[in-house]
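Engineer: Fit chain B to the supplied structure of chain A, relying on the hints for placement.
Protein chains: 2
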Amino acid sequence: MSNDDGVEARGLKHLIEIAKNFGNVFVVAPERGQSGKSHAISLVEPLRVRRIEMGDKFNFIAVNGSPVDCVKLAINQFLPRKPDLMLSGINHGSNSAISVIYSGTMGAAIEASLYGIPAIGFSVQDHSKNANFDLVDENAGIIIKDVLENGLPHQVSLNINFPVVDKKNFNGYKVCSQTKGVWKEDYDKRFDPYGGEYYWLTGEFSNQEKNNQGSDEWALKNNYAAIVPIKIDFTEYNTIEILKSRLNF
Amino acid sequence: MSNDDGVEARGLKHLIEIAKNFGNVFVVAPERGQSGKSHAISLVEPLRVRRIEMGDKFNFIAVNGSPVDCVKLAINQFLPRKPDLMLSGINHGSNSAISVIYSGTMGAAIEASLYGIPAIGFSVQDHSKNANFDLVDENAGIIIKDVLENGLPHQVSLNINFPVVDKKNFNGYKVCSQTKGVWKEDYDKRFDPYGGEYYWLTGEFSNQEKNNQGSDEWALKNNYAAIVPIKIDFTEYNTIEILKSRLNF
Chain A
1 MSNDDGVEAR
11 GLKHLIEIAK
21 NFGNVFVVAP
31 ERGQSGKSHA
41 ISLVEPLRVR
51 RIEMGDKFNF
61 IAVNGSPVDC
71 VKLAINQFLP
81 RKPDLMLSGI
91 NHGSNSAISV
101 IYSGTMGAAI
111 EASLYGIPAI
121 GFSVQDHSKN
131 ANFDLVDENA
141 GIIIKDVLEN
151 GLPHQVSLNI
161 NFPVVDKKNF
171 NGYKVCSQTK
181 GVWKEDYDKR
191 FDPYGGEYYW
201 LTGEFSNQEK
211 NNQGSDEWAL
221 KNNYAAIVPI
231 KIDFTEYNTI
241 EILKSRLNF
Chain B
250 MSNDDGVEAR
260 GLKHLIEIAK
270 NFGNVFVVAP
280 ERGQSGKSHA
290 ISLVEPLRVR
300 RIEMGDKFNF
310 IAVNGSPVDC
320 VKLAINQFLP
330 RKPDLMLSGI
340 NHGSNSAISV
350 IYSGTMGAAI
360 EASLYGIPAI
370 GFSVQDHSKN
380 ANFDLVDENA
390 GIIIKDVLEN
400 GLPHQVSLNI
410 NFPVVDKKNF
420 NGYKVCSQTK
430 GVWKEDYDKR
440 FDPYGGEYYW
450 LTGEFSNQEK
460 NNQGSDEWAL
470 KNNYAAIVPI
480 KIDFTEYNTI
490 EILKSRLNF
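First to last, the sequence lines map onto chains A and B.
1 is the number of the first residue of the first sequence in the working numbering; add one for each residue after it.
250 is the number of the first residue of the second sequence in the working numbering; add one for each residue after it.
Chain A on its own, in the form it takes in the complex (with noise of 0.2 angstroms):
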C-alpha cells in the first residue's frame, strides 16, 4: 500500500484499516506530502527510509521520496513477495479526468501495474484534511474483493473516485472512460517582502464532453463513484498511419 498525502495521512490509516479485513498489509508511504508528483522518481537526491513500529499485525515503511520510488522500492527491496494486490490513497482530493496524469496517488497504482501486480487507487472529491471517509469504507470492499478474486487484465490498474454525497444520496459504483477536458490555470501572482515576485498554481477544470454519461466526471456529478481502467500504453495508434502516409517514412 502507498499514498502521496503522506505518512500521516488519514486517507492512508483509513484504507489500512479497510485492507486489514483481506489480509497482511505492508505499507511504504511517502515521508511527506507529495501531491501532484504524477510518476516522479528520485534520480538526483538519494532515497532515505525510516521503518515505523506498528506491531505484528503489519509492516510500515517512510520514504522520503515519490510514490513511485515507494513503489520501486517495496518490490526491489523491502516485499518478502510479490504482493497480490497494490492499494493507493484513500487520497484527499479527486483524481478523476485529466487529474490521473499529475496524481501521485495514480503514479503509485500505475507502477505497481507495471509490475503485473493488480492496483487500485482511492480518491474522494474533498482535498481538505477533515475529508469524510465513510463512502470509501463503506464501499471499497466490494472492488477489492473482485479484484483479488477475479485479477485484472495484465499492467491494467483502477482509478476509482468517490464523490462527496451523503450516503443515502450515493447511487453506486459506474465503470467509466476518463473524461476529456483540460485543468485552465490562473495563477495568482504575488511578492515577497523583498519585491520578488513569486507564483502559486490555482485554476479550475474545463469539461470537453459534459454530457457523456459514461466519463468519470459525468459519474461523479451524478453522486456515483467512478471507477477507470487505466493503462500504461500512451501510444496513439490512429496517429501512426496518419504520419507513415503524411512523412513517406
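Warning: the hint list may mix true and false statements.
Straight-line alpha carbon distances no greater than 27 angstroms define the calculated BS3-like cross-link-like pairs of lysine-lysine that follow [stated by the list, open to error]:
hint, chain 1, residue 1, chain 2, residue 2
1, A, Lys221, B, Lys493
2, A, Lys231, B, Lys459
3, B, Lys378, A, Lys82
Keep in mind the hints are simulated off the structure, nothing from the lab.
Structural biologist: Leaving out everything else, chain B in the frame of chain A:
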C-alpha cells in the same frame, strides 16, 4: 520551448538553434535539472522566475519548478499568444518505451498538447553532458516543418528518440508504437558515514516485445530515430466492458 535538463543544458541550446530557423523562440525551462520528474506540478513550493537576457532574438525564462510548471506558467503568464509549436529537449538520455511515463521532457510536451498546442519532444540515447546532437541538428527540421505545416491531431504530441550511431549508419525516421516493457530495478543500498542507510535507483529495461518491428526500441536498435505519437487518455477501454459484466455496475 522547454526541457527537463535545465536552462544550462547543451541539448536545450542545440534545440534553440534548430528552432530559430522557423520563427521566434520563447524558452521557459527549469532552473535546475528535472530528470525523472514526469508530469509533476508544484503545489507546495511557490514558483520563482528569472528572466535571462538574450537580446532581441528570443525570450528566455528560468523557473524553479518542474517542466510541466514551466509550460503552465508560459501559457498562462508569459507568452504573448498561443504558440504555433512547442518543442521539448533535446533530452540527454532516452525517453523511449515506458520511459515516456517518467520523462520530464515528455511531461512538458504532453502538457502543451493538452492545451491544443502541437508539441514534439526530442531525446538522444546518451545521457552524458557531452552527448552528440549531430543527428538531431540535421534531422529535426524535417519533422518541425511538417508539424508546423500540417499540425497534429488534437491533444497529440510526438516522442522522438535518436539512436547513438554514426551519420553514415543512420537509417532515418520510423513511426512506431511505445514498446511494451518495464524497468527492472536494482537499488544500490549504501550507508552514510553515520551508519544511516540510503538507496540509489539503478536498473535496466526489460523489453517484452523484442521482435516487434513496429516498436520504438526495435527502431532504435536498428539505427532509426523513433517517432511515437502520444495521447493522454489513460482509459483501458477493453477493460470497461469486462468490469461492467463482472461487477454488474
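Engineer: Has the given pair, Lys231(A) with Lys459(B), been kept, meaning a C-alpha gap of at most 27 angstroms?
Structural biologist: Given that 27 angstroms is the threshold and the Cα spacing comes to 20 angstroms, the pair holds.
Engineer: Would the hint linking Lys221(A) and Lys493(B) be met if the CA-CA limit is 27 angstroms?
Structural biologist: At roughly 20 angstroms apart (the allowed maximum being 27 angstroms), Lys493(B) and Lys221(A) satisfy the hint.
Engineer: Does the alpha-carbon distance linking Lys378(B) and Lys82(A) stay inside the 27 angstroms limit?
Structural biologist: Between Lys378(B) and Lys82(A) the Cα gap is close to 37 angstroms, so the pair fails against 27 angstroms, i.e. violated.
Checked against the numbered hints given earlier, the structure breaks only hint 3 and satisfies all the rest.
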